[in-house]
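Undergrad: Residue numbers (numbering that gives the first Met the number 0), protein chains in the order written: chain A, 0 to 162; chain B, 0 to 223; chain C, 0 to 450.
It should be emphasised that the hints constitute simulated quantities derived from the structure, not laboratory data. Keep in mind that a hint or two might mislead.
Here are the simulated DSSO-like cross-link-like pairs (lysine-lysine), alpha carbons at most 30 Å apart as the crow flies [claimed, not checked]:
| # | chain 1 | residue 1 | chain 2 | residue 2 |
| --- | --- | --- | --- | --- |
| 1 | C | K267 | A | K109 |
| 2 | C | K284 | A | K88 |
| 3 | C | K87 | A | K109 |
| 4 | C | K267 | A | K153 |
| 5 | C | K293 | A | K111 |
| 6 | A | K149 | C | K267 |
Some chain B residues near chain C, calculated using beta-carbon distances under 7 Å [as the list claims (entries may be wrong)]:
| # | residue |
| --- | --- |
| 7 | C38 |
| 8 | A41 |
| 9 | R65 |
| 10 | A70 |
Even glycine gets a Cβ: it sits at the ideal position worked out from N, Cα and C.
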Amino acid sequence: MTMRVYRFLSALTLGAAIAGAVVGEGVALANDDGAIAVVVNANVPIDEISVSQLRRVFLSEPTETGGGNRFMPLNQKPGTNVREAFDRKVLKLDADEVAKFWVDQRIRGKGKPPRAIPNAKLLLRLLPRLDGAIAYVRASEVGAGVKVLKIDGKKPGDPGYPL
Amino acid sequence: MTKPNSMAALSLCLLAGCLYDANDLCGPGEMISEATSTCVCADNHVPVVRDISILVPTNPTAEPPRAGCEACGTNEEAVGNECKCVAGFVRGANGCVESNLGASCASDADCAVGDNTYCRLPDGYCTSTGCASSDECNVDADYACDASEATAFCRRPPVGEGAVCSGQGPDPACSAEAPICASGTCHVAACVTDDDCSPSRDCCDLSAFTGQSGFTLCMAGGCP
Amino acid sequence: MNPSKYLTILFGVAVFATPDLSLAQDDAGAAMNDEASVEAEAMSADEEAALSAEEEAMLASLSSEADVSADQGPSLRFYGFSDFSAQKYVLGNDAQEFALNGNTAFYIGNLNLYMDADLTNNFTSLIEVRFLFTPTGNDDPTTPGLLDPTVNPRQAPAMDYADANRPIDFGGIELERVYIQYTAHSLLRARVGRFLTPWGIWNVDHGSPVIISASRPYVIGEGFFPEAQTGLEVFGNFGAGDATFGYHLTLSNGRGPIEQYGDFDSNKAVGGRVWMEGRWVGAVKAGFSGYYGKATDRRNQFDPTSGSVYPTAFVYEQYDEVAYAADVQYTYGRFHVQGEAAMHDRAWNDDARPNGQADNRRFGTYGLVAYELPWFNLRPYAVVQYYNTGHNDGIGGARDILVSELGLNVRVTPNVVLKGSVAQAKFFNAIPGTVAADDLIVASSQLSWAF
């Protein structure tokens with residue numbers, strides 16, 4: 000009897016695992032959709048940033064802008080293509096890993112993730128009004144009032160542009 | 000050559016810490032017990048009890064806190080947690096000094112520098128007075144308290160008692176104080192009670208062995 | 000039930016509990032909502048008004064995080080973690096039977112609540128509180144124990160005055176972290192209060208969901224460094240290419256019977272840590288930590304012969320200590336390896352040395368290898384740890400212990416982790432008849448979650 004229960008539970012476990020895998024696959028359907036531009040408040044005195052600096056900024060490590068302020072990173076909404084592409088290219092983490100990372104950081108007492116802004120329009124309107132603000136949008140979405148940073152010396156659209 | 004060694008030692012010290020010295024793990028006068036990894040008093044050392052005022056000890060049997068151990072002095076030996084004078088020595092003002100018990104004298108002045116200031120005459124030996132029982136005398140030296148006089152004193156054992164002899168009965172090899180030879184040693188005769196003998200001996204009635212009524216000897220190790 | 004069946008069932012339950020991973024994002028309420036492009040056409044007045052309102056609200060929210068106005072006050076965030084475990088010791092001798100409970104036990108190991116707030120753009124505060132079920136069930140030191148087993152040795156429950164004085168179990172609270180932090184620069188951050196000692200990996204990363212194995216390696220909890228200190232911590236870091244370098248410096252009361260709020264000596268403890276992190280072929284992080292302190296226990300005595308009616312204080316016990324530790328972790332894809340090694344020296348003040356206590360040097364180390372399988376966040380792992388207590392009766396009657404552990408870590412969701420492990424402890428140089436005279440096996444499973 001005990002063995003029968005054990006086999007039944009094992010079968011259930013396997014079934015649930017397969018179902019979980021299918022659900023999990025569904026999350027990883029996002030794909031890239033054009034270059035990502037890193038944009039900052041126009042008062043930020045730098046014109047260029049490296050991927051590793053960008054990574055530190057978006058991992059909420061205090062990082063100076065060079066103008067007496069610290070960067071205030073603003074994220075795109077989780078689940079959007081641009082957010083997932085940014086996380087993958089800059090943080091080297093997929094969506095699930097990002098979620099785990101911030102849970103772990105919270106328990107370590109090492110800070111919280113950058114605020115996520117509901118949409119790019121709002122993000123681009125907020126950026127000029129927040130000192131040190133830094134964010135990312137599709138290159139095609141960049142409007143006036145913000146500055147696009149070069150990444151490792153390359154502008155969006157340049158060959159070898161990392162984002 | 001010295002300088003590089005010093006630098007190496009300093010580097011090692013910084014790296015591994017200078018607090019720990021494998022050759023000095025315990026307090027003064029202590030040594031490490033390999034079996035228990037605890038500090039115990041070194042040989043011939045006794046604990047130095049810390050100067051802590053414990054008015055009502057919670058655990059009276061617990062060993063009081065100690066501040067290391069100290070070596071016993073010259074002519075001392077550690078017995079339990081105390082230093083005691085070795086045989087033949089007594090505690091004086093400056094540690095253990097050789098006892099003058101039994102030393103020859105002609106007057107009290109000859110005994111004044113030692114621990115026994117009374118010169119017993121006419122026998123001529125240094126001893127002490129004022130005992131109430133033999134326990135107050137040097138039992139190791141077999142002195143007995145003699146209260147037969149107005150001032151009680153510690154009486155030395157009879158001269159020649161225990162000396163080797165070969166005959167049976169009165170023997171010229173024995174002294175006047177212990178004239179009888181029996182079982183190869185000289186004995187005091189004609190005792191009445193144990194008090195007539197040295198503390199280490201008992202008064203034994205040997206009439207049954209000798210056929211002489213009232214024949215007694217002071218004998219060590221119990222009567223036959 | 001044998002441990003393997005037990006673990007399998009737990010894993011089964013965990014997989015059932017696997018929710019849609021899209022719900023487990025760091026920001027709540029996320030859903031697939033791709034903003035593909037900004038609409039070029041002009042917005043209606045209503046849309047513009049709505050967007051402006053949203054902008055102002057968001058701006059206020061972001062500004063309040065950055066600089067809290069006096070009347071509004073900072074917003075307090077609550078979060079934490081907890082874990083539920085089942086543990087079974089496989090006992091091998093009478094001493095183990097006496098010292099350990101051989102029955103499978105369920106328990107809540109940790110319930111830690113965090114409260115943090117951004118006070119201004121530069122000031123933040125963090126409080127971490129652990130709730131415990133003890134002292135209920137702990138042995139009461141005033142009972143005679145073995146001398147009279149008929150007397151209940153455990154703490155008596157309290158009476159519930161609001162419920163007809165019925166017995167009520169009471170728990171405890173441990174303040175793990177309480178500090179305020181100021182960020183002057185990435186190179187200079189300072190926190191004052193009570194903080195976890197920055198050494199190694201798993202002293203600060205002490206939350207059960209973060210720890211890969213079912214419990215921290217034994218040596219990490221052995222207090223080579225104080226687990227937490229009260230005082231000042233200064234730290235910072237800087238990036239150089241793909242590498243980041245950081246430091247921590249600490250100044251605290253050090254260890255002592257009232258270290259949380261007092262110091263019985265004027266000698267403050269100092270410590271530090273340097274670390275680097277690099278991302279080249281995989282990610283590597285390494286650090287070196289050190290600590291020096293003086294621990295003092297002061298007592299009072301009353302001497303009626305002194306003429307004073309006041310007791311006088313004196314140093315009852317005192318030692319100096321120094322500790323060093325090195326740690327390294329390396330992650331390459333799904334492969335993770337980490338290790339820590341620590342050494343601790345303690346030298347007693349000869350005038351305040353407890354009877355029999357020898358100066359001591361102890362050291363310990365562990366290595367962990369884990370690999371995350373491509374399915375279901377399954378991460379099998381192996382840990383080997385060694386601890387030399389420097390004392391012949393240091394651990395259960397042995398000087399050295401070697402523990403080998405095999406386990407499985409399943410990150411069911413980012414917030415929920417299930418672990419199962421079997422560990423075997425081998426003792427060396429054991430005193431016959433003690434716990435350490437035979438190997439000890441422990442099977443553990445744990446469900447931990449962050450909330």
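Undergrad: Now tell me, hint by hint, if it's right for this structure.
TA: Comparing the hints with the structure gives:
no. : hint               : verdict
1   : K267(C) to K109(A) : holds, 26 Å
2   : K284(C) to K88(A)  : holds, 21 Å
3   : K87(C) to K109(A)  : violated, 34 Å
4   : K267(C) to K153(A) : violated, 51 Å
5   : K293(C) to K111(A) : violated, 36 Å
6   : K149(A) to K267(C) : violated, 48 Å
7   : C38                : holds, 5 Å
8   : A41                : violated, 13 Å
9   : R65                : holds, 6 Å
10  : A70                : violated, 15 Å
In this structure, the hints that do not hold are numbers 3, 4, 5, 6, 8 and 10, in rising order.
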